[in-house]
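Enquirer: Here's the letter readout for the chains.
Number of protein chains: 2
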Amino acid sequence: MPTCEDGFFDYLRAIDCSDVEVYAISEGSVVFPKVPLMRIEGPVAVVQLLETPFVNLVNYASLVTTNAARHRFVAGKEKSLLEFGLRRAQGPDGGISASRYCYMGGFDATSNVAAGRLFGIPLRGTHSHAFVSSFMSLDEIVDKTLQSYDGSSTCEDFVSLVQTWLNRIKRTNSLRGAFGETNQSELAAFTSYALALPNNFLALVDTYDVMSSGVPNFCAVALALNEFGYKATGIRLDSGDLAYLSIEARKFFGALEKEFAIPEFGKTIITASNDLNEETIDALNKQGHEMDSFGIGTYLVTCYSQAALGCVFKLVEINNQPRMKLSEDVTKVSIPCKKRCYRLYGREGYPLVDIMTGANEPTPKVGERILCRHPFNESKRAYVVPQHVEELLKCYWPGDSGVKREELPTLKNTRDRCMQHLEHMRPDHMRRLNPTPYKVSVSAKLYDFIHFLWLNEAPVGELQ
Amino acid sequence: MPTCEDGFFDYLRAIDCSDVEVYAISEGSVVFPKVPLMRIEGPVAVVQLLETPFVNLVNYASLVTTNAARHRFVAGKEKSLLEFGLRRAQGPDGGISASRYCYMGGFDATSNVAAGRLFGIPLRGTHSHAFVSSFMSLDEIVDKTLQSYDGSSTCEDFVSLVQTWLNRIKRTNSLRGAFGETNQSELAAFTSYALALPNNFLALVDTYDVMSSGVPNFCAVALALNEFGYKATGIRLDSGDLAYLSIEARKFFGALEKEFAIPEFGKTIITASNDLNEETIDALNKQGHEMDSFGIGTYLVTCYSQAALGCVFKLVEINNQPRMKLSEDVTKVSIPCKKRCYRLYGREGYPLVDIMTGANEPTPKVGERILCRHPFNESKRAYVVPQHVEELLKCYWPGDSGVKREELPTLKNTRDRCMQHLEHMRPDHMRRLNPTPYKVSVSAKLYDFIHFLWLNEAPVGELQ
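As given, the protein sequences belong to chains A and B, one line each in that order. Counting from 1, position 287 in the first sequence corresponds to residue 287 in my numbering; the numbering is continuous, with no gaps. Counting from 1, position 63 in the second sequence corresponds to residue 63 in my numbering; the numbering is continuous, with no gaps.
Please note that a few of the clues may not be correct.
The list treats identical chains as interchangeable, and a pair is accepted whether it falls inside one copy or across any two copies.
[Said to hold, decoys possible] With a cut-off of at most 25 Å between alpha-carbon atoms, the simulated SDA-like pairs for lysine to any residue come out as follows:
no., residue 1, residue 2
1, Lys77, Ile247
2, Lys314, Thr145
3, Lys77, Arg432
4, Lys412, Pro92
5, Lys144, Arg39
6, Lys445, Tyr244
7, Lys79, Glu259
8, Lys77, Thr363
9, Lys34, Pro398
10, Lys332, Ser305
11, Lys314, Glu391
12, Lys286, Ala178
13, Lys77, Thr172
14, Lys325, Asn377
15, Lys314, Cys17
16, Lys325, Thr145
17, Lys325, Cys311
18, Lys338, Ser137
19, Lys412, Leu123
20, Lys286, Tyr244
21, Lys144, Asp10
22, Lys404, Asp329
23, Lys365, Gly240
24, Lys332, Asn274
Bear in mind the hints are in silico, worked out from the structure with no lab data behind them.
Could you build the full structure based on these sequences and the hints that come with them?
Expert: Right under this line is the structure:
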């Protein structure tokens, strides 16, 4: 027996969203619980079909952007943050979304080439451990020539030059005895990589041993490149005691800067990776280190410390009748009615409070006192005189309504908005431990209406 | 300055996988750490391009299948398990992958309609809370007619019939005083839903109050349907004390079965949802409940208790030279060489041990004693006489090699394999607390070779 009539499929075929309007808080905005991220208006059956796609698209995107912003917050503004998560992300699309939203949340670049191409995110990465171990010796390098950076000269045997530099480093006074024979397959891999990408020589130095092989080999190649006008990018540490190794590597670079009078060589970039997360970065910062850049994968893109965000979709009004979902758990009670949402800013430029009003209430005005009430707690109320009022929900899909549609910003602009929003939050709202909760309120009129409904609609036994 | 030559793009354009061979353990198999899930052979540059896609595709798929199997294990074989995760999954593709691999791991159905269509997974779900609250009263129902199941008669006013049944239920001796006025918008929603889908009436009963509204309203509609030959599917509980509510609902159904002599009505299906996971299901089982079916979302699809799996891609051999990644952490040491992998079964039909050998070693033979050694621990070794030998890595992409390619099974067959594999594991390997580790070994020859390499290749200071 068929489970539905053919007419239903005809109906589905003919559906469009011309009767639907979608309002949303602009992507990249800082948002708070209870304030709707989107308001969708339209025929109930069509809007119900949008529920799952919208909730799916909003939940993970918001979660991973927040996670990226938290990593940025703990790493500080000066560090370079690279998203390295593709191989651990939850499916291919999870990986693409992760790269996009981590960039939005404040990361500088991704190793996900597809995301770079799709969204214009800067790309950054190193070679793999397998690249290093695929070499056996320097004899494997066939083409040994390197044109100088400015094109004025050619190094005919870059391999020999690298070996010469390795010996010079070994004989420097300040590094005497610091290392013995370095691993030759690693040296071959670095040399080969530098010949292919002399402008972007970033070497993974932990395949064998960081201080007795990886760093000396890197420096030999970097100094050979330097002779022909190229500046090596840096090293990546991917195992071991990252703080200690970064400090030792920094000393090594500093000694060579001094010894060979190569300006800035001591500042060669040190990137670290290997299961980093908010906590490990915080711990590294506390103990002191010399890393300039962090490559973060698993914990970032899978949002390991909280793998899901629980945004939901609620019916708040139908045929001009308000609807309200009651629950014994007050955090699950929905705020009824088609609403408008505003952010009110204070004298210092910080946002003070978000306020929701009925759709037909007047807009809060700059310089005019307005009562902001906690939606459910009678005693929590405050008068606010905003210095600036921002309407949060903007029309991104007007359907046939004729409402003006907001332009969709570029990813770069959204990222800038996100950075700017985070910057303008009052610091006590942003601290990691015991932050001051940001206030979310309703207008006096909406408060009264909620509580009128509550008293009149709650079935017996519902609220205890 | 360009970062690479045009020739590189020409090279990429011309690449194909005709020189690549991919061997893999069949999807749906139970696998253990150290045994390679795939063996990829081919030109190193091409194979390196496959690294990230393969690792991305294998990691999450294996993780969520395992998570589904763990949920099945704790729920038991008799319960129906429904995957309800799309809205919380990590991106749209995360959701599709989740539905596919949860089915493979032992779930019975999904609420993800797209996954149902793509992969033929059975679909199951209920209406939403919003559907219930979108109704105001029974007056909204325009078409009140219902044809009987066998087509022999028509109910002209199904709405009145439902109201009649609600009154009958209220007056039954055993339920006298159990409930008062039920919520009319809920009753309207249930009635409307039953008129549209009389063969699949599964009602979400917790929008208002489960025992004083949802369950009586459901029963009124179910008994009205019963009069015209339809069997109601059941109820879903999505909040509150699930164990208690399921027991109370079961009693209610039982009382009506007796009162109105409706066979099986007491066995009406009770489905529960609301942030369920392995632990909550285990706790529910321990305290006792009357649920037949669990709908599981967030914790299942995001693998909340461990959001990432750390499979990696290692170079083990190049130009017939073995390669081995050493590490201070012995669990990160890779096993070198192109290998073959076998599962050895004992007399009772259980797998005893997995063994890896060099690619050119003879295959272990049924009835012949073979020495299985722990790859790194000299003292751990055992002789095994297998009753059955299964080669694990099979060719799924032969390239131009002429090797016979395995057929790709259907999802249903893969699911059957997975169920059968899990069934045939020795129970002590499968218990949730302190399971006996399953043994993974290498041949004596491979053991000697690993340790020869280790001694000869480890740079000074590498192994401590």
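Enquirer: Decide, hint by hint, whether the structure agrees.
Expert: Status of the hints after comparison with the structure:
1. Lys77 / Ile247: within (21 Å within a copy, 56 Å between copies)
2. Lys314 / Thr145: Neither. Shortest intra-copy (66 Å) and inter-copy (31 Å) distances fail the 25 Å Cα cut-off.
3. Lys77 / Arg432: within (16 Å within a copy, 44 Å between copies)
4. Lys412 / Pro92: both (23 Å within a copy, 23 Å between copies)
5. Lys144 / Arg39: neither (63 Å within a copy, 33 Å between copies)
6. Lys445 / Tyr244: neither (60 Å within a copy, 39 Å between copies)
7. Lys79 / Glu259: neither (28 Å within a copy, 73 Å between copies)
8. Lys77 / Thr363: Answer is neither: 36 Å inside a copy and 58 Å across each miss the 25 Å cutoff.
9. Lys34 / Pro398: This pair counts as within: shortest intra-copy Cα distance 24 Å, inter-copy 55 Å.
10. Lys332 / Ser305: both (23 Å within a copy, 24 Å between copies)
11. Lys314 / Glu391: within (21 Å within a copy, 53 Å between copies)
12. Lys286 / Ala178: neither (28 Å within a copy, 62 Å between copies)
13. Lys77 / Thr172: neither (36 Å within a copy, 71 Å between copies)
14. Lys325 / Asn377: within (17 Å within a copy, 61 Å between copies)
15. Lys314 / Cys17: within (19 Å within a copy, 49 Å between copies)
16. Lys325 / Thr145: neither (73 Å within a copy, 30 Å between copies)
17. Lys325 / Cys311: within (15 Å within a copy, 44 Å between copies)
18. Lys338 / Ser137: Between copies only: 21 Å across, 71 Å inside.
19. Lys412 / Leu123: within (14 Å within a copy, 40 Å between copies)
20. Lys286 / Tyr244: Only inside one copy: lysine 286 and tyrosine 244 sit 13 Å apart there, 49 Å across copies, limit 25 Å.
21. Lys144 / Asp10: Classified as between; 22 Å across copies, 68 Å inside a copy.
22. Lys404 / Asp329: neither (39 Å within a copy, 60 Å between copies)
23. Lys365 / Gly240: neither (58 Å within a copy, 43 Å between copies)
24. Lys332 / Asn274: Classified as between: cross-chain Cα gap 13 Å, same-chain 39 Å, threshold 25 Å.
In terms of the numbered hints stated before, the structure departs from hints 2, 5, 6, 7, 8, 12, 13, 16, 22 and 23, listed from lowest to highest.
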